[in-house]
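K.L.:
Make the full structure from the sequences, and use the hints.
The primary structure of each chain is shown beneath.
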Amino acid sequence: MIDWLAPLASLRLTAVALALLGLAAVPAIVRGQADPLHLAIALGLLELNLLAAIITNKSFRRQSALLAFHLALAVLVALVAIGRLTFLTGYTEIVEGASYEKLLEVRAGPLQTGRAEGLRFASERVRITYHPGPVRDATRVIVRYWGADGRPVDEEIGDHHPLVLDGFRIYATFNKGFSPILSWWPDNGGKPIRGSVNLPRYPGEQDAQWREWVIPGAGISVFTGLRIEGEVLDPQRRSLLRPPEQSRLVVRHGDSRHELRRGEHLQLPGGVLVFDDLRMWMGFQITNDWTTPWVLAAALAAVASLALHLWARYAHSPWMD
Amino acid sequence: MIEQLTLWGALLVYVAAGVVAIIGAVFQQDRARWILPLLLLGLTLHAMTIGLRWGRLGHGPFVTMFEILSSNLWSLMTAFVIAYWRIPSIRPIAAVVMPLLFILMGWLILSHPGESPLPATFRTIWLYIHVGLGKVFLGATLVAVGVSGVILLRRWQWTGRLFRDLPDDRRLDALALRLMALGLVFDSLMLITGAIWAQDAWGRYWAWDPLETWAFLTWLLVALALHLRLAIRVSPRGFAWMVMVVFVVAFLTFFGVPFVSQTPHQGVV
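Going down the list, the protein sequences come from chains A and B.
Residues 521 to 841 in this note's numbering are what the first sequence spells out, letter by letter.
Residues 77 to 345 in this note's numbering are what the second sequence spells out, letter by letter.
Honestly, the hints are just simulated from the structure, not real lab data.
Using N, Cα and C, we set each Cβ at its ideal position, and we do this for glycine too.
One thing to keep in mind: the hints can contain errors.
[As the list claims (entries may be wrong)] If we take Cβ atoms under 10 Å as the criterion, some of the chain B residues that face chain A in the derived model are:
no., residue
1, Val-102
2, Phe-103
3, Arg-162
4, Leu-297
5, Ser-311
[Claimed, not checked] On the chain A side, residues computed to face chain B include the following (Cβ under 8 Å):
no., residue
6, Leu-531
7, Arg-532
8, Leu-538
9, Gly-542
10, Ala-545
11, Gln-553
12, Ser-619
13, Tyr-691
[What the hints assert, rightly or not] Listed next, the stretches of chain A that the computed footprint assigns to chain B, with coverage defined by at least 3 CB atoms under 8 Å from CB atoms of chain B:
no., segment
14, 676–687
15, 698–711
16, 822–830
P.N.:
Put into C-alpha cells, the structure is as follows:
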C-alpha cells in the first residue's frame, strides 16, 4: 500500500498543489470570490498529498511535532470543506420596533440544516454615532429576544458584539437607513394595513432616498421618497444618526405628487395613505457555521506544532555559526 | 511641531546610518560602532514621534497611509537592528537593507500626515495582536531579503566584493531559510488573528476580500518557497530570488492593497 502512495506524498506534488491553490485564489482579487470548484480541486490534491505524506513519510515518526503540524493541516482542510457544505450566511433588514420575519438573501451549503426562519428576535432601537466628516463611529442596536422561559430579554449588539441565538450569530451590519411607516385605510371599510418602506441606505445613498412601494392588498404602486430639511449628520461635529425630525414624505402616484409630514394623510384611489412615523431600519447578518471554533483550534494546533518543530530544530544552534 | 521635529530627526539619523553603512561596505570598513548607535537614536526619535501622535489623536498608527508607513518603518528598523546587534557577521547587509528602507522613508515624507478617526471595528485587542504579528513577519522577511540580496549581488564582481567578508552563500542561505521559517509561523498567526477579528467584526472569518486574498497568497508563497527549498534543493541563489518575490508580494499586501481596495478592511465605511 505504501509503495503506490509514495508518489502522492511527494514534496514536488505539495509544491504543485500549493501553486494550484494560489492560482485558484487569484481570481478573488478581481471578483471578490474564488471559484469553489478550483479551490476544491487544489485543496483536495493538497489533502491527498498531506495524508499520503503522513502515512508514508518515515521522518514524521522521528519528528512528532512535524507530524502533528501536518495532521492539524489535514484536519483544517477537512473542516474548511465541511464548513462550506454546512454553512449559512443570510441577510435581513428590520425596522425599529419590528420583528425578524425572513432572510432577504441567503447563501448556504448544500447540507445546511439550520432553521433561520425559526429565529425570534426584534430590533428595538438603533443608535449610530458619527465623527465629523461624517465618518461612522460606534453602532449600537438594542435587540429583543425571548428566553427559554418566554420572557423578553433586551441586549445591545454592535461592533464586535453579535447576538448568539439558537446556534446562530446575528450581527449588525453597516447597512442602515430610514423607513417611513405607512398605513393604508381602504375606502371599503376593510382592515387597515400597516407597512414600512426601507429606503436606500443612509448616508451611503443619501441622494437617492426613493423607493417604490406596492401597497399590500391594494395593488396600488406609489413612489415614496424622503425630503430631508436640514442636516442629518453635522460634518463639523459628532452626530447621532436618527430619523430627521424635519422631513417630508414625498409620494408620487401617477402624475400626482404630494408631500406629507408625520401624521398627515393622502387620499388615493381605493383608500387613504397615512404617514405614521419615520424610523430606522437596520441590516443584520445571520450566520451559522458549527465548524468555526474547530477550524480555529486546528489552525492554532498547526501553528503551535510548527513552532515547536522549528524550535526543536533551531533553538540549540546559533543563528550564524 | 515637536512631532515633525522628532520625525525629521529620526529620518535624518536613519539616512546617516544608511550612508555610513554603504560607505563602510564600499571601503570594506567596519562602521558598526557608528551605525548601531545611530539606528538606536533614530528608533528612539521615531518612537517619540509615534507616541506623540498617538497621544494627540487618541489612537495608534493604524488608519492612514502616513501612520502605517511610519509604524512599519519603525518596526522594520527594529527588526533589522535586532538582527544587526545579535548577528555581527551579517552587519554589512545594512548596505542592502537601508536603501530599501530609504524607499519607505521617501514614501512617508510624500504622504499626507492628515488625521482620521479610528473606525469602530478597529477598537479591539485583535487589532494590536494581528498588526503586531504581521510586523514580526515582515521584519523577519526584511532581514531575509538583506541576506538574500547579498547572495544575489555576489553574482557580479563589482558588487560581490562589497560583501566578501560576509559568511559564504551556504551559511547565508541557511540563515535566510531560518528567517523565512520564522516568518511563516508569524504570518500564519497573523492570518489566524485576522480571521478572528473578521469573525468578530463582520460575522465571517474569511470572505476573499482583496486584502485577505493577497495575505493568503503571501502566505502560500512563503510555504511554497520553503517546500521548494526542501523538495528540490534549490541553490542559495534560487532561494534568494524566492525570498525577493515573497517580500515584493508582502510589500504590496501591506502597503498597496489596503489603500486601493474599497472593501471592509478600510474600516471607515
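K.L.:
Against each hint, give a clear statement of whether it holds in the structure.
P.N.:
A quick look at each hint next to the structure:
1. Val-102: violated (23 Å)
2. Phe-103: Status violated, d = 23 Å.
3. Arg-162: holds (7 Å)
4. Leu-297: holds (7 Å)
5. Ser-311: With a closest approach of 16 Å, the B:Ser-311 hint is violated.
6. Leu-531: Result: holds, 3 Å to nearest chain B Cβ.
7. Arg-532: holds (5 Å)
8. Leu-538: holds (5 Å)
9. Gly-542: Hint on A:Gly-542: holds, closest Cβ of chain B at ~5 Å, below 8 Å.
10. Ala-545: holds (6 Å)
11. Gln-553: holds (5 Å)
12. Ser-619: Given a least distance of 20 Å, the restraint on A:Ser-619 is violated.
13. Tyr-691: Interface hint status for A:Tyr-691: holds (4 Å vs cutoff 8 Å).
14. 676–687: Coverage by chain B holds for the segment 676–687 of chain A (4 residues, Cβ < 8 Å).
15. 698–711: violated (count 0)
16. 822–830: holds (count 5)
Hints 1, 2, 5, 12, 15 from the list above are not met by this structure, while the remaining hints are.
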